[in-house]
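Protein chains in written order, with numbering that gives the first Met the number 0: chain Z, 0 to 318; chain E, 0 to 314.
Quick caveat, the hints were computed from the structure, so don't treat them as lab data.
Note that CB positions come from ideal geometry on N, CA and C, so glycine has one too.
There's no promise every hint is true.
Unchecked claim - Derived CB-CB ranges, DEER-like: (1) Z:242 with E:284: 32 to 38 angstroms; (2) Z:238 with E:120: 58 to 64 angstroms; (3) Z:125 with E:287: 43 to 49 angstroms; (4) E:19 with Z:122: 21 to 27 angstroms; (5) E:292 with Z:147: 35 to 41 angstroms; (6) Z:17 with E:137: 30 to 36 angstroms; (7) E:96 with Z:117: 35 to 41 angstroms; (8) Z:238 with E:102: 45 to 51 angstroms; (9) E:16 with Z:147: 21 to 27 angstroms.
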Amino acid sequence: MSLLEVRNLNVTFASSHGTLHAVDGLDLDIAPGEVLGIVGESGSGKSAAMLALLGLIPPPGHVTADVLRFDGLDLLQMRPRGRRRLIGRDIAMIFQEPMTSLNPCFTIGWQIGETLGVHLGLRRAARRERTIELLRQVGIPAPEERFSAYPHLLSGGMNQRAMIAMAIACNPRLLIADEPTTALDVTIQKQIMTLLFQLQRERGMALILITHDMAVVSDTAERVNVMYAGQVMEQRMTQTLLAKPAHPYTAALLDALPERAAADRRLATIPGVVPGVDDRPTGCLFAPRCRFAFERCAVRPALHHLSEGVVRCHAPLVQ
Amino acid sequence: MSLLAAIDVSKVYRLNRGIFRRRLDLHALDRVSFTLETQRTLAVVGESGCGKSTLARILAMLDQPSNGVVTIDGKSASPTDLKARRSVQMVFQDPYGSLNPRKSVMSILEEPLLIAGISRDERRSAALAMMARVGLRHDQAARYPHMFSGGQRQRIAIARALMLHPRIIIADEPVSALDVSVRAQVLNLLADLQMEFGLSYVFISHDLSVVRYVADEVLVMYLGRIVEQGTRDAIFLTPRHPYTRALLAATPGIRNPGAEAPTPGEPPSPIHPPPGCAFHTRCQHATIICREAMPLLRRVDGREVACHRMEELSR
Numbered sequence: 000m001s002l003l004e005v006r007n008l009n010v011t012f013a014s015s016h017g018t019l020h021a022v023d024g025l026d027l028d029i030a031p032g033e034v035l036g037i038v039g040e041s042g043s044g045k046s047a048a049m050l051a052l053l054g055l056i057p058p059p060g061h062v063t064a065d066v067l068r069f070d071g072l073d074l075l076q077m078r079p080r081g082r083r084r085l086i087g088r089d090i091a092m093i094f095q096e097p098m099t100s101l102n103p104c105f106t107i108g109w110q111i112g113e114t115l116g117v118h119l120g121l122r123r124a125a126r127r128e129r130t131i132e133l134l135r136q137v138g139i140p141a142p143e144e145r146f147s148a149y150p151h152l153l154s155g156g157m158n159q160r161a162m163i164a165m166a167i168a169c170n171p172r173l174l175i176a177d178e179p180t181t182a183l184d185v186t187i188q189k190q191i192m193t194l195l196f197q198l199q200r201e202r203g204m205a206l207i208l209i210t211h212d213m214a215v216v217s218d219t220a221e222r223v224n225v226m227y228a229g230q231v232m233e234q235r236m237t238q239t240l241l242a243k244p245a246h247p248y249t250a251a252l253l254d255a256l257p258e259r260a261a262a263d264r265r266l267a268t269i270p271g272v273v274p275g276v277d278d279r280p281t282g283c284l285f286a287p288r289c290r291f292a293f294e295r296c297a298v299r300p301a302l303h304h305l306s307e308g309v310v311r312c313h314a315p316l317v318q
Numbered sequence: 000m001s002l003l004a005a006i007d008v009s010k011v012y013r014l015n016r017g018i019f020r021r022r023l024d025l026h027a028l029d030r031v032s033f034t035l036e037t038q039r040t041l042a043v044v045g046e047s048g049c050g051k052s053t054l055a056r057i058l059a060m061l062d063q064p065s066n067g068v069v070t071i072d073g074k075s076a077s078p079t080d081l082k083a084r085r086s087v088q089m090v091f092q093d094p095y096g097s098l099n100p101r102k103s104v105m106s107i108l109e110e111p112l113l114i115a116g117i118s119r120d121e122r123r124s125a126a127l128a129m130m131a132r133v134g135l136r137h138d139q140a141a142r143y144p145h146m147f148s149g150g151q152r153q154r155i156a157i158a159r160a161l162m163l164h165p166r167i168i169i170a171d172e173p174v175s176a177l178d179v180s181v182r183a184q185v186l187n188l189l190a191d192l193q194m195e196f197g198l199s200y201v202f203i204s205h206d207l208s209v210v211r212y213v214a215d216e217v218l219v220m221y222l223g224r225i226v227e228q229g230t231r232d233a234i235f236l237t238p239r240h241p242y243t244r245a246l247l248a249a250t251p252g253i254r255n256p257g258a259e260a261p262t263p264g265e266p267p268s269p270i271h272p273p274p275g276c277a278f279h280t281r282c283q284h285a286t287i288i289c290r291e292a293m294p295l296l297r298r299v300d301g302r303e304v305a306c307h308r309m310e311e312l313s314r
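Chain Z with its partners taken away, still in its complex shape:
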């Protein structure tokens, strides 16, 4: 059974130009202990979809779904109070910029301890003990001293470790990591990713990894979801997707990677830009930039089932 089941998730914003679709009909399943990658460029709706799961889309944003179920619990029917009890305990999230997502006015130890107090009802001494244990698990040296350090005293990598400690504090069953390493240096990125996957394996957590970088998911995620302008374009097993992309967008995205190009040759480019929320085409969202586009692409394609996975294209590159 799926740990998380999402059917037809929509995130919309009402504006003077009409309704803007940040996320448009997203389906998602994740099994316990699975690693799912969500890849997309800016404006693809990958972060908005995850914020919607956590109930973090503020008004005037509007979230609708046919099914939104976590571990058998219907998140749509749930009252905000019950949902708050779930979020942070069973579903946790790591945000992109550790420097801006931690509160500068409180110590690292206090911020991690807050989660433990709210969800597990731990008292002060127990919180401290458990927090230091968590700091040690995420590889922060001298955790007793770091416990009372403020975020500005720590480096970006250390702050991200503290964020991870906070996220895993209550043993979540689903961890959502939104570009966890984008703001960090290369050698630190590698450390953080290694830590994240080590914790994922040890605890058997399901992990959703959101990234703009195809290379990051290539060696970590079992399945990948490629998003473009609010819709899923392709969802397949990572290795088959990398070897034989089914959607022209995925194929073009892979070709545009410099590491895939032979040096001294021109990079393959995708003409034009990602459409904004207010200027989306009526047909296939990628059609204006697609080199395979033909008449039928003026009609928005539905998801087609492949031998494994799905693709949203009238003429997928593999059958």
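Given chain Z, put chain E in place with the hints provided.
Below, chain E without anything else, positioned relative to chain Z:
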């Protein structure tokens, strides 16, 4: 004679830490030397705090080196020499922050020519020609930066840098703020412009997959010093310095299965650099000599490396 050369360039920033604490020197750059030929691309790679942006500022003459000289065509580059200054222009990382939001594209592109004292009609036609060259339409000339996407803004920034027909472009992380599909367009544009105008690039980046694609020569920096310097193939195919190897191993890539263990620790503070080799605190091969003596750059099979143990390690 090289187009651009840096000879033993050092930069020390004096930190004033309040009245009661001792002043401290921050060695942002320590004896950096390199040469750049016409129509070549030199990539500078390293993590934050390694001095790559300080180097960019010095090369663009926005800052003065504390020691050493930068020469253009063999002549020492002085900030008062307008001709030298015009031959070096800069493209910045963030196209959202580096364009004046209150100026139209036309006035952004005209401004360098205005300072050079060129007539209005000539300015206009030069700006329009440059817009066409970087892939912007003429009817976009009256628009303001906020009306453009990130990739288009970077095109404007590149056009602005080219208005005075420089010979050297210092590009500080020019594509790291862009989406993958747009990044390829800008990289191709930079390659085309290099051919067309005979430009030389100093390309500063932390992204090794981009560097591998654009660079002729690569300079790897750590804590203000060059640790390895050589041709692209030397650096990417047979890296010698443990730090270069660590960087390559840490870069996620489709070709790189990422099985190796990550490099432990973080770069030390440039205010209190460790004695000896700056990388020894994180290097798994470090021995006593690495902790005590600073390694000098030595020439080994077609590149320069600053490592005491490279002979043993390369075996």
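These are the hints, each one checked on the structure:
A C-beta distance of roughly 36 angstroms is found between residue 242 of chain Z and residue 284 of chain E, which places it inside the suggested range of 32 to 38 angstroms. At about 59 angstroms, the CB distance of residue 238 of chain Z to residue 120 of chain E agrees with the hint of 58 to 64 angstroms. Distance hint check for residue 125 of chain Z and residue 287 of chain E: the Cβ-Cβ separation is about 45 angstroms, which falls inside the suggested range of 43 to 49 angstroms. Roughly 41 angstroms separates the CB atoms of residue 19 of chain E and residue 122 of chain Z, a value that falls outside the hinted 21 to 27 angstroms.
Between residue 292 of chain E and residue 147 of chain Z the CB atoms are about 38 angstroms apart, so this pair conforms to the stated range of 35 to 41 angstroms. Taking 30 to 36 angstroms as the suggested C-beta distance range, the pair residue 17 of chain Z and residue 137 of chain E conforms, at roughly 31 angstroms. Between residue 96 of chain E and residue 117 of chain Z the Cβ separation comes to about 38 angstroms, which falls inside the hinted range of 35 to 41 angstroms. With their beta carbons about 49 angstroms apart, residue 238 of chain Z and residue 102 of chain E fall inside the hinted range of 45 to 51 angstroms.
As the Cβ distance of residue 16 of chain E to residue 147 of chain Z is approximately 23 angstroms, the hint placing it in 21 to 27 angstroms holds.
The structure fails hint 4 only (numbered hints given earlier).
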